[in-house]
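As given, the protein sequences belong to chains A, B, C and D, one line each in that order.
Following the working numbering, the numbering of the first sequence begins with 1 at its first residue and continues without gaps.
Following the working numbering, the numbering of the second sequence begins with 1001 at its first residue and continues without gaps.
Following the working numbering, the numbering of the third sequence begins with 2001 at its first residue and continues without gaps.
Following the working numbering, the numbering of the fourth sequence begins with 3001 at its first residue and continues without gaps.
What the hints contain is simulated information worked out from the structure, not anything from laboratory work.
Every residue, glycine too, gets a C-beta built ideally from N, C-alpha and C.
Heads up, some of the hints might be wrong.
Now the in silico label distances, taken between C-beta atoms and shown as ranges [claimed, not checked]:
{"id": "1", "chain 1": "A", "residue 1": "N145", "chain 2": "C", "residue 2": "T2146", "range": "40 to 50 Å"}
{"id": "2", "chain 1": "A", "residue 1": "S234", "chain 2": "C", "residue 2": "F2140", "range": "41 to 51 Å"}
{"id": "3", "chain 1": "B", "residue 1": "K1154", "chain 2": "C", "residue 2": "V2201", "range": "47 to 57 Å"}
{"id": "4", "chain 1": "C", "residue 1": "D2248", "chain 2": "A", "residue 2": "N145", "range": "14 to 24 Å"}
{"id": "5", "chain 1": "C", "residue 1": "T2146", "chain 2": "B", "residue 2": "S1194", "range": "40 to 50 Å"}
{"id": "6", "chain 1": "A", "residue 1": "V236", "chain 2": "D", "residue 2": "D3142", "range": "54 to 64 Å"}
{"id": "7", "chain 1": "A", "residue 1": "K154", "chain 2": "C", "residue 2": "T2146", "range": "27 to 37 Å"}
{"id": "8", "chain 1": "C", "residue 1": "S2006", "chain 2": "B", "residue 2": "S1194", "range": "38 to 48 Å"}
{"id": "9", "chain 1": "A", "residue 1": "A20", "chain 2": "D", "residue 2": "D3253", "range": "50 to 60 Å"}
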Amino acid sequence: MVATPSEVMTIVAARMLREATVCFVGIGIPSKAANLARLTHAPNAVLIYESGTIGTRPSVLPLSIGDGELAMTADTVVSTSEVFSYWLQGGRVEVGFLGAAQVDRYANLNSTVIGNYKSPKVRLPGAGGAPEIAAQAKETLIIINHDRRKLVEKVDFITSAGYLDGGDSRERAGLKTGGPTAVITDLCVLRPESLTRELVVTQLHPGITRQMVAEATGWEVRFAEDLIETEVPSDVELSTLRELERQTILAHSNEAADRTPFIRTDPTEEVARP
Amino acid sequence: MVATPSEVMTIVAARMLREATVCFVGIGIPSKAANLARLTHAPNAVLIYESGTIGTRPSVLPLSIGDGELAMTADTVVSTSEVFSYWLQGGRVEVGFLGAAQVDRYANLNSTVIGNYKSPKVRLPGAGGAPEIAAQAKETLIIINHDRRKLVEKVDFITSAGYLDGGDSRERAGLKTGGPTAVITDLCVLRPESLTRELVVTQLHPGITRQMVAEATGWEVRFAEDLIETEVPSDVELSTLRELERQTILAHSNEAADRTPFIRTDPTEEVARP
Amino acid sequence: MSNLSSLPDAIRSHVHDGDCVALEGFTHLIPFAAGHEIIRQEKRALTLVRMTPDVIFDQMIGMGCAKRLVFSWGGNPGVGSLHRLRDAVEKNFPHPIEIDERSHAAMTVSYTAAAAGLPCGILRGFLGSDLAAHNPNIKFIDCPFTGERLAAVPAIRPDVAIIHAQRADRAGNVHLWGIVGVQKEIALAAKKVIVTVEQIVDDLNAPSNACVLPAWVVTAVCHVPGGAAPSYAHGYYDRDNSFYLAWDEVSRDRQNFQRWMRANVMDGMPINGDA
Amino acid sequence: MSNLSSLPDAIRSHVHDGDCVALEGFTHLIPFAAGHEIIRQEKRALTLVRMTPDVIFDQMIGMGCAKRLVFSWGGNPGVGSLHRLRDAVEKNFPHPIEIDERSHAAMTVSYTAAAAGLPCGILRGFLGSDLAAHNPNIKFIDCPFTGERLAAVPAIRPDVAIIHAQRADRAGNVHLWGIVGVQKEIALAAKKVIVTVEQIVDDLNAPSNACVLPAWVVTAVCHVPGGAAPSYAHGYYDRDNSFYLAWDEVSRDRQNFQRWMRANVMDGMPINGDA
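Please work from the sequences and hints to get the whole structure.
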């Protein structure tokens, strides 16, 4: 089996999730990676979604952040207010998994606008939970497709703080958590250099060259001295990922076929864990 | 049937609770009066206890603020944190029913200390929910036994604000609610005079004279020009009150006889309303 | 004394031009039917409040109901952009709308502050983010004990909050469950509350500590089965993911959008998922 | 990886002399057994935190465990005074204790602030009350939007919170119901959490949105049937009202109290209500 670039990105992200870690998960590739980790090396990872589902173990991937599957398989379902206050701001989240439209040289994220805020060229969806995840999780992992318009010298708008202007500017702004520890793309992994906090490439995915990365990056990207090559996805990783995706498509196409509202009378039964 | 002074006090307090009003209830006589109102003229009164039980309809009186009977008959049971934030501070309570160790000429309440705070003569239980009930309910009713040591010129410690120094001092302190509208004792009813906010006797219970009240009050108490006599408790009021008390004693003595811990397996069944 | 009402009556009586109206539901239990009724009644100049203004706000904005939008994430979840929202913000079509943009955490703090009767709420937020510089509704205070800098946001107290729930009893007590989002908070934050429900039952029989809104805090309960479709109602029906995918195409073009709204919403047809 | 433990081990490992220890339970689910274990292990100089320091704190204070008391209402509910608490405050017996006194609302705000990782919380409180003048932990701030004066209290972040719950599963997930008080808040506010439970079950099978503490936030779960007696555990046993009445007599006299504690607590006998 040969993994696609996107599969490699997901698998590399999954590998970074330590066993039994508490992870605040965004929808899309972060969710896919976190669940892949849970299904492979980190069965006791605790996944928290901003919809208030804590300790979810979905058998198929949710299509939205508030999917019923998340609620049914959760240890507990709390209000969205509580998930941000007691669980994220309360300091219980070790890893925040984020995507964004743009990430810059100092790992700042933009999901607000391309262009000027007042009269934007492109109006993006906005902050959502990201500013506080980036500020309050003990560390964050960023997943993004590698592209010059996405990995930019400086983001048009800092939605969520990375290392701001580099150096100790994150700390000086009052942020007490560790910040982004890795940016995982479909080409490579970038990590913040220890003093400057500039993102440098530390790991190239199989078959990817320095030149490919340099051309796809919006700044003069540097490479770590001890640059390594990403371990090729194992058969277990790849087959687990593909099976998860297959089951997801299957489950959600069944749903679509059966959309007639139906009535069940016992709410308790409905929501209890299987 | 002839009512005792204490029964008259409870019945007069009950009468002041309007139908369908939302009432924050303290334990003891306030609870008895509020439930008597619910069982007579105000069947739709909404009773809230600080233990988080909202819309309770106990068949017997709770002996403590967190009695199981309150939970089982409530429309909803929320955290104590929520009852003080969303329900009381949120401005949803129309009437707060309070007792205290002392009330003064301007309806300030003391439930903290007799004597000096640092080295008290008597250490009382303390504030509990009272300061915020007194500040946040749209109006408060105070129930207290009439006695010179209880109705005093000036309380030793203002636990819960009434009209402070009288006049507009309550408003000037930033309190936006109406404050105490009546002090109900076993002898009479006192209400704040409109401008001075000094408590004056507006109503004497059957058989009680001005002199009896004056002697039992710790300041030179004044009587309203239109002083009226309390309507004698009706047979319905009195028999309902006595039946409630009888059922309460019966229920709680049965409890005491059956104290062996027992196991039930379905929490949902346990807590559902009957 | 019951608060039961028809949806058209509830919207007519309680939602007025110029009002601040919150429609909440976090992916789950989105009050689509109520939003459509607002569109049909041609309410105008509304301040629309919602953490995740998804397809329902795209429709309301596109049909000209909104003057102002208070939000934290405006996208078509799992699909992409909201084209009507973008058209309004980027090209002032059908007219310009003002934007008051925050984060999810800050929105929940604004709701809980209002529910708790406070003028503002505090959070550790917006440090290093450009949002604070663009929004005068984000300020900072110092903790009086530690001196730490904390963000403060004003309470959001809508004129009307609208939510969808699974069930109400005949007295108008409401019970929702599953992903309950911020519905209780916004209901208690608002001056008036309209709740559409899947089902009216004799007895809620809600488990202990369930998410219940007593009848006396709810202005109107409207029996609207399917009222959350194409989103979902846990225990009743699933999310219509194909609708969300199809909406991307429907909403991209102004005329296409208006044609679809006329056929599916303005004529009073229930939304059926066949976008 | 389970957090299951014996109660003596849990107290020995996690409660240390000088710690700040909160025991919560609002009339319901008061962690008496854990309090008794603290007394037996002769923990000293504790800062004891509890909204309603009732009989359990009377016992701990009378036995010399407390250096400081943070509370909002200290009485024997429905009976009267706490004689051991009064003896300590009024007559410094067995030794003086410091008092940090607030209101119920302020205590809940301190707990929720800590649970939410904030250094302080705000409320509309203490206006016109003498409490603020006697407690430096009550301050006032101005709302940055309206200018309104609001009370602020510091977060309470105990070293250990101890609560009693109805059930846990074998993995150590905890479920409580009925009057849940501030147990979830204090559990999430504290650095460590010990939970005694009536029952260990295979599957919690908790209803949706129930009050559940996942195992990973709980330091130790101890199986202690009857651990809330003489208070009650909804669904398991009733409150022993006669014990509370009898306590008034037992605790009035210093020697009588000590004799009772030796016989009923120090010798490790479970409390059986026959005061």
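Okay, the hints, checked on the actual structure:
1. Between A:N145 and C:T2146, the C-beta spacing of about 41 Å keeps the proposed range 40 to 50 Å intact.
2. Between A:S234 and C:F2140 the C-beta distance comes to about 48 Å, which sits within the given range of 41 to 51 Å.
3. Taking 47 to 57 Å as the suggested C-beta distance range, the pair B:K1154 and C:V2201 conforms, at roughly 55 Å.
4. Taken as a hint, the range 14 to 24 Å holds for the pair C:D2248 and A:N145, whose Cβ atoms sit roughly 19 Å apart.
5. Evaluation of the 40 to 50 Å hint for C:T2146 and B:S1194 yields a pass: the beta carbon distance comes to about 45 Å.
6. The hinted range of 54 to 64 Å is satisfied by A:V236 and D:D3142, whose Cβ atoms lie roughly 59 Å apart.
7. Between A:K154 and C:T2146 the beta carbons are some 33 Å apart, a value that agrees with the proposed interval 27 to 37 Å.
8. Distance hint check: the CB atoms of C:S2006 and B:S1194 are about 46 Å apart, consistent with the given range 38 to 48 Å.
9. At about 53 Å, the CB distance of A:A20 to D:D3253 agrees with the hint of 50 to 60 Å.
In the structure shown, no violation is registered for any of the earlier numbered hints.
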